[in-house]
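When you line the sequence shown up against full-length UniProt numbering, it's residues 1 to 185, in that order.
Don't take each hint at face value.
[As the list claims (entries may be wrong)] Okay, the calculated beta carbon distance ranges per label pair:
{"no.": "1", "residue 1": "Ala153", "residue 2": "Phe60", "range": "20 to 26 Å"}
{"no.": "2", "residue 1": "Tyr159", "residue 2": "Arg52", "range": "30 to 36 Å"}
{"no.": "3", "residue 1": "Gly163", "residue 2": "Lys70", "range": "26 to 32 Å"}
Honestly, the hints are just simulated from the structure, not real lab data. We put the CB at the ideal spot given by N, CA and C, even for glycine.
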Amino acid sequence: MSFPLLTATAVVPALGAVVTAAVPAAQRAAAKWVALGFSLVTLALAAIVLVRFDPGGARFQLTESHAWIKDFGVRYELGVDGIAVALIALTAVLIPFIILAGWHDADPLESARPNRRWRPTQGFFALILMVEAMVVISFEATDVFLFYIFFEAMLIPMYFLIGASGTGPGAAPRRRRPRSARTPR
Numbered sequence: 001m002s003f004p005l006l007t008a009t010a011v012v013p014a015l016g017a018v019v020t021a022a023v024p025a026a027q028r029a030a031a032k033w034v035a036l037g038f039s040l041v042t043l044a045l046a047a048i049v050l051v052r053f054d055p056g057g058a059r060f061q062l063t064e065s066h067a068w069i070k071d072f073g074v075r076y077e078l079g080v081d082g083i084a085v086a087l088i089a090l091t092a093v094l095i096p097f098i099i100l101a102g103w104h105d106a107d108p109l110e111s112a113r114p115n116r117r118w119r120p121t122q123g124f125f126a127l128i129l130m131v132e133a134m135v136v137i138s139f140e141a142t143d144v145f146l147f148y149i150f151f152e153a154m155l156i157p158m159y160f161l162i163g164a165s166g167t168g169p170g171a172a173p174r175r176r177r178p179r180s181a182r183t184p185r
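The task is simple: from the sequences and hints, build the whole structure.
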C-alpha cells in the first residue's frame, strides 16, 4: 500500500488549524509562523501531487478508496484529474500568500476589547487553514457524497471568517445584511 498522498494533502492543513488554534494567546507571532509553516508543508505536498500526475495517464490518478458507509454505497474515494490537480496546486500556492497578506490584519486592537475570549490571531489563521483543508479535499473527492460533505463543511469556517471582518461604526449591520437579505420580511 502506498502513502496516502491526497489524504495527507488535506489532513496537513486541518492539523495545522488545530495546532494554530492551540497556540497560547500570548504567543500570537508563533501562531502566524505555525500557520505559515503548515501551509508551506501543504504546498510541498501539492507540488509532489503535481509532479506525480501524468497528463497522459488514467482519468483519475493517485486514487485512494476505502469503504465508508456501506449501507448507502458511500466510499471515501479520492483521486485527481487535470482540473483537480491544477486547482489543488492553485489553492496550495495562494494560501501562504493569503497568510502573509493577513499577517498584520489579524492583530487585535487591545484597547477596544481587552477582555474578549476569542483569540483573533490564532482563530483567523486556523480558519484559513481549515478552509484550505476543506477546499483541497473537495477537489480530490470522487464520491459525490464525500464532495458534498466537505464542500458544505467549508462554509462553516468561511462564515466565521466573513463574520469577523470589519470594524468601526456600522460593521455589525453590514455583517447581518446578507443574512437578512435572504429572509423574507
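Do the hints match the structure? See the list:
1. Ala153 / Phe60: 20 to 26 Å: Cβ of Ala153 to Cβ of Phe60: about 22 Å, so the range 20 to 26 Å holds.
2. Tyr159 / Arg52: 30 to 36 Å: 34 Å, holds
3. Gly163 / Lys70: 26 to 32 Å: Since Gly163 and Lys70 have Cβ atoms about 38 Å apart, the given range 26 to 32 Å is violated.
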